[in-house]
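Asks: Sequence:
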Amino acid sequence: MDLRAVADFTNQIWEDEIVPQLCDYIAIPNKSPLFDKNWAEHGYMEQATQLIYSWCAQRKIAGLTLEIVRLEGRTPLIFMEIPAFGAEADGDTVLLYGHLDKQPEMVGWREGLDPWTPVREGDKLYGRGGADDGYAAFASLTAIEAVQKFGGSHKRCVVIIEACEESGSVDLPFYIDHLNDKIGEVSLVVCLDSGAGDYDRLWSTTSLRGMCAGDLRVDVIREGVHSGDASGIVPSSMRIIRQLLDRVEDAGTGEVLIKELHAEIPEQRRQQAAQVADVLGDEVFAAYPFVGDTQAMSKDRTELVLNRTWRPTVSYTGAGGFAALEDAGNVLRPFSALKLSFRLAPTADGKVASAKIKEVFESDPPYGATIDFNAEKSANGWNAPELADWLESAVDVASTEFFGNKAAYMGEGGSIPFMGMLGDKFPAAQFLITGVLGPSSNAHGPNEFLHIEMGKKLTSCVASVVDSHAKR
689 MDLRAVADFT NQIWEDEIVP QLCDYIAIPN KSPLFDKNWA EHGYMEQATQ LIYSWCAQRK
749 IAGLTLEIVR LEGRTPLIFM EIPAFGAEAD GDTVLLYGHL DKQPEMVGWR EGLDPWTPVR
809 EGDKLYGRGG ADDGYAAFAS LTAIEAVQKF GGSHKRCVVI IEACEESGSV DLPFYIDHLN
869 DKIGEVSLVV CLDSGAGDYD RLWSTTSLRG MCAGDLRVDV IREGVHSGDA SGIVPSSMRI
929 IRQLLDRVED AGTGEVLIKE LHAEIPEQRR QQAAQVADVL GDEVFAAYPF VGDTQAMSKD
989 RTELVLNRTW RPTVSYTGAG GFAALEDAGN VLRPFSALKL SFRLAPTADG KVASAKIKEV
1049 FESDPPYGAT IDFNAEKSAN GWNAPELADW LESAVDVAST EFFGNKAAYM GEGGSIPFMG
1109 MLGDKFPAAQ FLITGVLGPS SNAHGPNEFL HIEMGKKLTS CVASVVDSHA KR
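Each residue of the sequence shown is one higher than the one before, starting from 689 at the first, in our numbering.
No lab work stands behind these hints, which were simulated from the structure alone. Please note that a few of the clues may not be correct.
Said to hold, decoys possible - Capping the alpha-carbon separation at 27 angstroms, the derived lysine-lysine pairs in DSS-like fashion look like this:
1. K1159 x K725
2. K1027 x K870
3. K870 x K837
4. K947 x K1065
5. K812 x K947
6. K812 x K870
7. K1039 x K947
8. K812 x K1094
9. K947 x K725
10. K1094 x K947
11. K947 x K748
12. K1094 x K1065
13. K1039 x K1113
14. K1094 x K1113
15. K1094 x K1159
16. K987 x K1065
17. K1046 x K1065
18. K1046 x K837
19. K1039 x K1027
20. K1039 x K837
21. K1065 x K725
22. K748 x K1044
23. K947 x K837
24. K947 x K987
25. K725 x K1113
26. K870 x K947
27. K1027 x K1046
28. K1065 x K1044
29. K1046 x K870
30. K1159 x K1113
To be verified - Ranges of calculated distance between the beta carbons of each label pair, as one might list FRET restraints:
31. A939 x T1088: 40 to 50 angstroms
32. E873 x T982: 48 to 58 angstroms
33. I909 x E1074: 20 to 30 angstroms
34. A777 x A1007: 49 to 59 angstroms
35. D1112 x T753: 43 to 53 angstroms
All C-beta atoms, glycine included, are put in the ideal place defined by N, C-alpha and C.
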C-alpha cells in the first residue's frame, strides 16, 4: 500500500469534508439519554444520526452497505458492512467502533467558546463531541476508503456507531444480540474513543477502568427549619454525608476503602506505566489546569499513571438540596445529596462494586437518618489481551510512518463499556483502542477540542493497521 498517498488522501478528506461535517455535528446538542430524558422528542439525536449516515452513504467504498437500526424504545445505531477487499473472504472480520451521543454542556467555557458552536483555532476544533467522538465514523470510513484506493487490502469490516455510550451503553447489548449474525467472527477491534498521552505518536490503550455512578441522599427532616432554632438538636444532613464519605474514601490520601473496587495490578501494566512516565515526563500532571499552588496527588510520576489507570477513585460531580449562594439563608436544610462517580480497577466487577457501595452507605445510618444510594449506572472495565506480534509490529510501523515516533501503550482512566462486552464475546480478538483525546482536550469538560492533525495521522494509522491485519 502506498502510505504517502494514504497520508495525502486522509489530509485532504479531513480538510475538505470531515472538518466541515464535524462543525455541523458539534452544533447539534444531542446529549446522551442520561442527560436528556426527552431525547427522542427533541430530535437532536436523530439529526446527528442522519448527518453521519448521509455522509457515510456517499463514500466510494466497494460493497459498502449501511442502515440505521432501531429497536423499540432505544437509541438508534448505525451499522455498516464492507466485504473483504483484496483479501480472502473467509468471514474474518474487523470491527470499528465509535459513538455519536454527547456529554452535557458543562460550565466554564472560555470567552468566545461554547459547547454547541464550532470554533477552529489552528489545529484545534473546539466544541462538544467532536473529539469524543463524533469523528470516529468519518475517520473509520476514510481509512477503509484509503486502503481500497492505494493498493491495500482488508478483511470484511463492520462499523458500529452507537448513540448511548455516554449513558453507559445500556442499549448496546440489545443491538449486539440483534445483530449477532451480521457482526460475524471478529479478530480485530478498532475503537477510536480513547485517549493519547501526547500528540506525537500513536497511542494504544491497554486497559480501561470500570465505573459506577449514582446519587447519595440523606434526609433528616420533612422541611427546612431555622438553623438557630434547630441546630444542636437536628443533625446536619451534610455532616452525616461527611461521615458516610469517610466509609468509602480516605480524606487525606484519596484512597478508596472498599476492596471490591480494587484489583491486583499486573506487572506488565506497572512496567508500561513506568515507560509512559518516562515518555511524558512532567506532562503526566502538567497537562491539567491546576489553580494556584495545587499539586498532584503524588510526586512519583509512575504512581500518578497507575492512580489514573488502575486504582479506584471517587469524584463528587453534583449536589442537590443546597440553595444557590446568593439565596442561602440561615436554614437547616431537610436533605443533602451528592452525585458520585466511582472509577473501578479494570478487572473489578461493576455490579458487585455497585452493590457493595450501596451496602456501605446505607447500613447502620448515623442518627437513624434516611439514607439512599441510587446507582444510576455501572460498567465493567477492560484489560487488553496479550498483544499479538503482528499487531505490535503493525502499530509501530504505522506510528513511525505517520507520526515519526514509535507507538506507546497506556491504560486509560475512563470507561468504554463496549470493550468489555467485546472482550467477553470475542476472547481471541486483538484490540487497537486509540483516540485523539490528548493533553488538555478536555472531553466531558469545558473547552473540549479535537486536534485535527492528530485526527489525520490517526486515520492513516488505522488504514495501515487494517491493511497489515489482512496480510498477517
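Asks: Of the numbered hints stated previously, which ones are contradicted by the structure, given in increasing order?
Replies: Failing hints, ascending: 1, 2, 5, 6, 9, 10, 11, 12, 14, 16, 18, 20, 22, 23, 25, 26, 29, 33, 35.
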